[in-house]
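Position chain V against the provided structure of chain D, taking the given hints into account.
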Amino acid sequence: EDQVTQSPEALRLQEGESSSLNCSYTVSGLRGLFWYRQDPGKGPEFLFTLYSAGEEKEKERLKATLTKKESFLHITAPKPEDSATYLCAVQAFGDYKLSFGAGTTVTVRA
Amino acid sequence: DTGVSQDPRHKITKRGQNVTFRCDPISEHNRLYWYRQTLGQGPEFLTYFQNEAQLEKSRLLSDRFSAERPKGSFSTLEIQRTEQGDSAMYLCASSFAGNEQFFGPGTRLTVL
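One line per chain: the protein sequences are D and V, in this order. Mind the numbering: the first sequence is residues 1 to 110 in this note's numbering, read in order. Mind the numbering: the second sequence is residues 111 to 222 in this note's numbering, read in order.
Isolated chain V, as found in the complex:
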């Protein structure tokens, strides 16, 4: 399978814990995006990488959120001190240059 992959697919955690998600983009894609989606809404942009450089962060991305893309390959999204409001589907997408973005299956986070 050569699509975007995300791990884990589901994560249940207790409030206050830290969680980390991983995204592996399509191999030739140099751009990688993170979005968050809550029930009944469309995805909301969180952050964007071109190769290993993080070029844009949404104001939705509080200080508790950090993302990395070492060596311009896979990316990780970490949420520290999780809150119940962080419960959502976290989606990763990748693209080659400014072309169509292809999404992964998402990581469903539930904060108890």
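Just chain D, same shape as in the assembly:
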């Protein structure tokens, strides 16, 4: 069974204080690793898909990287509007569903 573990559970940052979120995974043949952002009371918003080890994707202050066992989401010089829960999910080859971690809740203080 696919397993996704995210750490830390919560992260409090000062505005401008860069940090990284970790997503460790176990999957029988990784088709893709997905990062989503979720604001309270809303559905997850798609951020990135990573397909192979060594791949990197960037969007504004966010950068996602992938190795064979884990993925990192780097937040550079965060702003209060980056406050959200960040979810990591994996999809195995031949499968359709996403298996999610519990998320990391990021709070950025001005």
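Because the hints were derived from the structure by calculation, they are not lab data. Glycine is no exception: its CB is placed at the ideal position from the N, C-alpha and C atoms. It is possible that part of the hints are untrue.
[Stated by the list, open to error] The calculated DSSO-like cross-link candidates involving lysine-lysine, where the alpha carbons are at most 30 Å apart (straight line), are:
| hint | chain 1 | residue 1 | chain 2 | residue 2 |
| --- | --- | --- | --- | --- |
| 1 | D | K69 | V | K181 |
| 2 | D | K42 | V | K181 |
| 3 | D | K42 | D | K63 |
[Unchecked claim] Pair by pair, the computed Cβ-Cβ distance ranges are:
| hint | chain 1 | residue 1 | chain 2 | residue 2 | range |
| --- | --- | --- | --- | --- | --- |
| 4 | V | S176 | D | E17 | 46 to 54 Å |
| 5 | V | K124 | D | E60 | 42 to 50 Å |
| 6 | D | Q14 | V | T130 | 40 to 48 Å |
[Unchecked claim] Chain V is nowhere near these chain D residues, computed Cβ spacing over 10 Å in every case:
| hint | residue |
| --- | --- |
| 7 | N22 |
| 8 | G29 |
| 9 | E60 |
| 10 | R61 |
| 11 | K68 |
| 12 | E70 |
| 13 | H74 |
| 14 | T76 |
| 15 | A77 |
| 16 | E81 |
| 17 | K97 |
Here is chain V on its own, set in the frame of chain D:
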């Protein structure tokens, strides 16, 4: 707005009642998924449609749960004889083939 839409956004019901939720996917997407999310957890897969065919159901989906996608367009998720443990956010997502899944805003169910 061309995103995934869900209706209703909130539903409060009494234990034992039946409820039905609707999801309208992005128009060109042929795949539709239902997930359930409880507080502090990530979404958990419930079921998946490719066009009108329901291809996979999670073991989490008890006999009280049924989903349909007539004509491969919108989908409905029905819960019969609701229980307090059914209280959760029910999320719908859609994708084109095996690409990224885009989620709707969810339906928050509260069972009293």
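Status of the hints after comparison with the structure:
1. K69/D / K181/V: Distance of about 40 Å is beyond 30 Å: violated.
2. K42/D / K181/V: 28 Å, holds
3. K42/D / K63/D: 23 Å, holds
4. S176/V / E17/D: 46 to 54 Å: 48 Å, holds
5. K124/V / E60/D: 42 to 50 Å: Check passed, 45 Å falls within 42 to 50 Å.
6. Q14/D / T130/V: 40 to 48 Å: Between Q14/D and T130/V, where Cβ atoms are some 46 Å apart, the hint holds.
7. N22: The assertion about N22/D holds, with a minimum of 15 Å to chain V.
8. G29: 13 Å, holds
9. E60: Holds, because the least Cβ-Cβ distance between E60/D and chain V comes to about 18 Å, which exceeds 10 Å.
10. R61: R61/D is indeed farther than 10 Å from all Cβ atoms of chain V, at 21 Å.
11. K68: 21 Å, holds
12. E70: E70/D is indeed farther than 10 Å from all Cβ atoms of chain V, at 16 Å.
13. H74: 20 Å, holds
14. T76: 23 Å, holds
15. A77: 26 Å, holds
16. E81: Non-interface label stands for E81/D: nearest chain V Cβ at 19 Å, farther than 10 Å.
17. K97: Incorrect as stated: the minimum Cβ-Cβ distance to chain V is 4 Å, not above 10 Å.
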